[in-house]
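So the protein lines, in turn, are chains A and B. Read in order, the letters of the first sequence are residues 9 to 122 in this note's numbering. Read in order, the letters of the second sequence are residues 608 to 718 in this note's numbering.
No lab work stands behind these hints: they were computed from the structure. Every residue, glycine too, gets a C-beta built ideally from N, C-alpha and C. Each hint should be verified, as a subset may be incorrect.
[What the hints assert, rightly or not] Short derived list, chain A residues pointing at chain B, Cβ under 8 Å:
| # | residue |
| --- | --- |
| 1 | G50 |
| 2 | L51 |
| 3 | F113 |
[As the list claims (entries may be wrong)] Pairwise CB distance ranges, derived in the manner of DEER restraints:
| # | chain 1 | residue 1 | chain 2 | residue 2 | range |
| --- | --- | --- | --- | --- | --- |
| 4 | A | L120 | B | I646 | 15 to 23 Å |
| 5 | A | E23 | B | A620 | 30 to 38 Å |
| 6 | B | P718 | A | K65 | 23 to 31 Å |
| 7 | B | T672 | A | S81 | 37 to 45 Å |
| 8 | A | A69 | B | E621 | 39 to 47 Å |
| 9 | A | E23 | B | N660 | 52 to 60 Å |
| 10 | B | Q649 | A | S81 | 15 to 23 Å |
Chain by chain, the residues:
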Amino acid sequence: DGGITQSPKYLFRKEGQNVTLSCEQNLNHDAMYWYRQDPGQGLRLIYYSQIVNDFQKGDIAEGYSVSREKKESFPLTVTSAQKNPTAFYLCASSTSGSYQETQYFGPGTRLLVL
Amino acid sequence: DAKTTQPPSMDCAEGRAANLPCNHSTISGNEYVYWYRQIHSQGPQYIIHGLKNNETNEMASLIITEDRKSSTLILPHATLRDTAVYYCIVRVRNYGQNFVFGPGTRLSVLP
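Given these sequences and hints, build the entire structure.
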């Protein structure tokens, strides 16, 4: 089936530890996005990538890093510099140059700090 | 992108139509109206989008007023599985730009 997968579903981070969230898509989409969602809030953009080997900061990029070495993959690293990382993280992707440009979301990863 | 205003919560009886309003009074001519929904602890799900004509698909209908300053998402026969937070977003349909999600409307479908 075509879609976006995120792993793990739940992730626990110790103080001072870096953790990496996985996002994979087999929709052949060029653009990929990472959002953060806090309880009762809307989504906020962390990073996005329009093409392989290129990415841009979103509204809340501090304390996060990404890479885009493959079209299918857009991993997000939550570094120790992110002081409040507990949140629900959502990955999305969209087509390029299509009249029907719509973002499709993965199931999300919930990150908890121990 | 234009800002949207939605009621924080709504109730709807199962089997009845759910009408979710959205105000976007500052929308510009090239901005589309998108609707997504998010069921608890899942990723947002695309529902429908439109520019100025009314749109319908297998999930819902989108009614946009003639002045485009507001719109209504209609779920014709709401079920318990439609209980979710519904987001109305207006944006220019440019590839690679993010969607700005506000707090949305929490729809509760009641048995």
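The hints, checked one at a time:
no. : hint                           : in the structure
1   : G50                            : 4 Å, holds
2   : L51                            : 4 Å, holds
3   : F113                           : 3 Å, holds
4   : A:L120 with B:I646: 15 to 23 Å : 21 Å, holds
5   : A:E23 with B:A620: 30 to 38 Å  : 48 Å, violated
6   : B:P718 with A:K65: 23 to 31 Å  : 46 Å, violated
7   : B:T672 with A:S81: 37 to 45 Å  : 42 Å, holds
8   : A:A69 with B:E621: 39 to 47 Å  : 43 Å, holds
9   : A:E23 with B:N660: 52 to 60 Å  : 53 Å, holds
10  : B:Q649 with A:S81: 15 to 23 Å  : 21 Å, holds
In this structure, the hints that do not hold are numbers 5 and 6, in rising order.
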